[in-house]
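Order-wise, the sequence lines are chains A and P. First residue of the first sequence? That's 6 in our numbering, and the numbers climb one at a time after it. First residue of the second sequence? That's 6 in our numbering, and the numbers climb one at a time after it.
Derived from the structure by calculation, the hints contain no laboratory data. Wrong hints could be hidden among the right ones.
[As the list claims (entries may be wrong)] Interface residues of chain P toward chain A, partial, derived using beta-carbon atoms under 7 Å:
{"id": "1", "residue": "Lys163"}
{"id": "2", "residue": "Thr201"}
{"id": "3", "residue": "Tyr244"}
{"id": "4", "residue": "His247"}
{"id": "5", "residue": "Gln251"}
{"id": "6", "residue": "Asn550"}
{"id": "7", "residue": "Ser681"}
{"id": "8", "residue": "Ile693"}
If you're wondering where the values come from, they're calculated on a predicted model, not measured in any experiment. Backbone N, C-alpha and C define an ideal beta-carbon position, used for all residues, glycine too.
Protein chains: 2
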Amino acid sequence: MDVVARRVNVLNNHLGTRFPESVPTSSLEKYRAKGQKINQLLLRQVFMGEFNPRMESMRSFIEKSPLFDHYSIMLLTQQEKYAKVLELIVESMKHEYSTYQKDLKDPAYKMTISENLTEFDISLGTRSGVHLGLYTDTIQNLGTKKHEDFINRAYSIKDFGSFALTEMGHGSNVAGIETTAVYDHTTREFIINTPTKTAAKWWIGAVGKTANMSIVWAQMYVAGENKGVHAFVVEIRDYNTHEVKQGVIAGECGQKIELEGVDNGFLIFKNYRVPYDSLLDHFSQINSEGKFKTTIKNKEKRLGIMLGGLIRGRIVVVLSSEIALRNAVTIALRFAAVRTQFAYGDSAENSILDYPLHRHRLIPILAKVFAIRAGLMHLYKMFRVIYPTVRENPESAELNELHSILSAYKCIATSYSFTGIQECRESCGGMGFSAYAGLGRLRNTVDVLLTWEGDNNVLLQQTGKTILKLIQKSFKGIQIESPTLKFLTINLENIKWPLKTSELFTYDNICKVFEDRICFLAKKAIEKLQKNTEKYNSPIEIWNNSLVNYVNTLSYAYGEYILYREFNLIFENLKKSCSATAEIIGKLHLLYALDCFERSQRIYIEFGCTYKETIIVKDLHTQLCNELGDYSINIVDSIASLDKCLGSVLGCKDGNIYERLVNAVESEKDVYTKTSWLELIKTSRTLIELPSKSS
Amino acid sequence: MDVVARRVNVLNNHLGTRFPESVPTSSLEKYRAKGQKINQLLLRQVFMGEFNPRMESMRSFIEKSPLFDHYSIMLLTQQEKYAKVLELIVESMKHEYSTYQKDLKDPAYKMTISENLTEFDISLGTRSGVHLGLYTDTIQNLGTKKHEDFINRAYSIKDFGSFALTEMGHGSNVAGIETTAVYDHTTREFIINTPTKTAAKWWIGAVGKTANMSIVWAQMYVAGENKGVHAFVVEIRDYNTHEVKQGVIAGECGQKIELEGVDNGFLIFKNYRVPYDSLLDHFSQINSEGKFKTTIKNKEKRLGIMLGGLIRGRIVVVLSSEIALRNAVTIALRFAAVRTQFAYGDSAENSILDYPLHRHRLIPILAKVFAIRAGLMHLYKMFRVIYPTVRENPESAELNELHSILSAYKCIATSYSFTGIQECRESCGGMGFSAYAGLGRLRNTVDVLLTWEGDNNVLLQQTGKTILKLIQKSFKGIQIESPTLKFLTINLENIKWPLKTSELFTYDNICKVFEDRICFLAKKAIEKLQKNTEKYNSPIEIWNNSLVNYVNTLSYAYGEYILYREFNLIFENLKKSCSATAEIIGKLHLLYALDCFERSQRIYIEFGCTYKETIIVKDLHTQLCNELGDYSINIVDSIASLDKCLGSVLGCKDGNIYERLVNAVESEKDVYTKTSWLELIKTSRTLIELPSKSS
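From just these sequences and the hints, can you work out the full model?
Spelled out as structure tokens, the structure:
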């Protein structure tokens, strides 16, 4: 309805536009002609991966559906936005949905549906991800046979689930949550309570309005004794009436910076009784005598293991970061090709994409998109092998490796994405500040990814811990089996910089630089930890005072190294079918490495580089940006989301930025209305009486 | 009205809150006890500068006025927000206003009123700045005796003005605008036209609804000849009816990322006739014979000079950056003191501000606030001397120096502010993503400052050009008179790093490092330019290919150096009255320098530092962050805006973050309402029929 009304409005305004017709001709075709060497179909297939055919099918569905329209969503109220996002998810599910059986067959499948939804908006991926990822996965991981019905009800959307872990007072320190679930043996029930204000479950997606079910995490008490944090699947709204259950208070957390399609809410419990079977009892049980049993004795460790199976949410953060950044750089590059400013060479005015400075700003972002994408493929691959083993083998070295890599990827992907989108926003100048450019929505949404699914600064510590533990093992002569860290040693003599001429920038040499740097940083981190043992008493103090500039830098360097290696697979894949495309993407791959070095220039000092050696890197970086600028439009054309997913007047394939901007502006209801607060203007005129003659 | 209604709502909800009462006790007082050495009154006076007494008077006025309330503004519609901002400005003017006479007496005065408004919100500073800055200043600078009435009407708000320079197709390249003003000698009028879509005046503040007047910039044609871009003061809405004038189309530019209190609009002209006296004719005139005369022959140069007097807008950007960053770091530090997470040492849970990593994230931001503030004082000082001379002497070396410094400051201040606010947002975790935290509003508003009043990337080139021109002069034996660049030379032997032990980090040594680096970068930029003369033909190509990593890096380094020097004046000022406070702020000053080095680590390579030498800087940086963390709450207490100006549930002086958050959340109208789109949920349940037995 609103969409139809809006379309009529747009059409009317367009027919009756008050703007002059004449516009400059697009320069997109000029760029498309420059970059013809790119085999777009091939590049798209390799970039998207093996799921591409099914994702294309969903894309053509979205393309045809009139419901997917960013501009009409912008005009909705908050409550309408909540509804609209659910409507879009339901609409997509009519086309394709997952089931428990499909998930057991291929655990990556569910995430590629998320990819499709996220191409339109992260809100869609989040709303469905909370339900089918966090809620359903928890039951799959921690439930037992008797909970299977919940799983099937979830996949068939009989229930809407939510995931209530975070509290107002506790985010990162989940072991410190305050909600209690006291076991009452007389009725074989749990009594759930929110003892303080800060114990309210907070920011819980779908709790605001949608969910009837929730996984509630609480300190479990059995016979007066705290048995640690456990998960309970409970009803929060009545299935038939959708009224909040007696003993539960549910509400909305209110206005946010962005992500307006997600109804984040809070939960408060007042002596809320739930049956014993609410406990997801794969790892811990209370037997019929009321005795607590568990296969993992240590409370903190048990909580870590229970949460350790929730891998999908974090992978979805990586894929969301990639998609948002790809959408942003698509918008920024197409805009830069069309937008002209100043004269340069023999044109009247040149595309701003002609300028070296502009290429220097945008091309490294394109390289990062490929790097994150390669990382995502890497995660899918590992996940498919490891996820099916998690329930039975929750402490495997492989799972640990996956977590360590995922933590680093999550931080790197989100920070690339946020800073990259911001650079895209700035590179579009004032036009980028318009809401119709779509860049504000992308940036403000990605912002939250920096924090949720593990705060970036906290996560980097986890990766660092894993690496340092491995090194400690190697001290004891235990061989490092991690496939990504086999090279690890601190028996490092003076490291040498091998990139002394531009011919020496080979894949092997660059890998060697990354590896040597990781060893160097690990060594320095260990030295710092040792030094701090003399200065501080508690292990936590020693650790905390070693984080800044040491451990977290190490984790970041490690993540970038594996991304560089995985990016190489894209290049190798292309080489099999089209050497011209491979050559260009190979340059983008090299640029990615140089960009890593240039962003953390301390590497040059660590390797004892001369000024001249660093200038070789810098100049090669500039040169590659200039060369790749010519191909950049064809590269983004190959990997771009649908125009209607971009939702940007600046980023469309046809390059008609000014017509689209005017259309968007003229379809706002107040565009030409008269000031509704004239009295205020008149009042202000009477305010100041100057002593002079002027009136 | 809405405010009263809201207050009742808040009160009701608070009395009837559904949340448990118990909350943790605040840790702000623990920190306040740690930092008692700070003389808060003194620090506030020195930080705010000589205008502080009058600013305090306006602050107590704002404190008392019930109209200033961020939470109620959040609930308004777009049109209501436009009105509200105007209402707040008018309200402030009841307390204090500027006049032409006051402005002639002290040109800095008007900007300190902007400071007051901006402490509440940048929208207020912008709405009033467009009118009293851009509009009024242009008439003061470029008008003649006959235009004086416009000036007085502006100060007494008889007229509301706007400033129509930017067009849809032209931002940075103002010489390329398309709007035309053709002189018709038969009627002695100008005929203004918008020939193409891209010629529409775009983003013009106050044009959406408020303004009845505008300064319109257009290509002036006299007897068929283009005489370059000139400024015309024209009526766009009828003074009495406020209807848009015949021949003019005015509308709203629509939704933006933020800055919702500013009614940005567009202007289109269709054969709009205005009298000759609309031309602001200080530099160019058309005489009674219809002949064009000008005191500055070169068109481009003339335009540069005409715009060169508009200094205040850019200074206001610097002050807005400082205030927004100060507000953000106040919020983040107070939150960090109150918020606890994990155990560390002997507490149950520690303030996150206890953690070295958290201090490392926030304390350098505090140092940057002081640096920008020092830069602002520097600008006020220069501006008061130079502005009165601009009309008669628009090409003075002093004005050129002011522009060069201001360009660098504008870029540095805005980029510090944007990235700093984002770090503050992230440091508050999920809480920071709540709109009630205020950090999203601050960041999204500062975002636009990166672009307007000169795109940062373009502005840095201007500073670079000035420095390189001075060096060229010195080649010819002309002495460099610029007070900030006297040291400039490229006769630089191997530069030496003097900071070899922590005792050597003196003011003089650090200045020497900055100065040597600027000389080094200038030399490298010149070498690069010379090398590029062999590679490229046109001067523009040579220049553009030298920008990346060379010219713009030089400009940035120069700006940071002067900020460091100006920051020293704050330290010296404090030393006169309180050595304890001075000692602490002295450490913040040193931290600022170290932070500059650590953010552009190429400096170490340029100076040929050893790894060990760089570690001395890094470790001292960490140590200072740790030491200063203890004083940070008392420092922000000294310089903080009013609680009601911060508009943040996380940042208030009393530290009651959880109560305030719950109050804000519970006063939203939909917090506890039932889902209004139940049908959609029911529909979705019928969507998927699984083959299995489960229903």
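Outcome of the hint check:
{"no.": "1", "hint": "Lys163", "result": "holds (5 Å)"}
{"no.": "2", "hint": "Thr201", "result": "holds (4 Å)"}
{"no.": "3", "hint": "Tyr244", "result": "violated (9 Å)"}
{"no.": "4", "hint": "His247", "result": "holds (6 Å)"}
{"no.": "5", "hint": "Gln251", "result": "violated (13 Å)"}
{"no.": "6", "hint": "Asn550", "result": "holds (5 Å)"}
{"no.": "7", "hint": "Ser681", "result": "holds (6 Å)"}
{"no.": "8", "hint": "Ile693", "result": "holds (4 Å)"}
Hint compliance for this structure: hints 3 and 5 are not met, and every other hint is.
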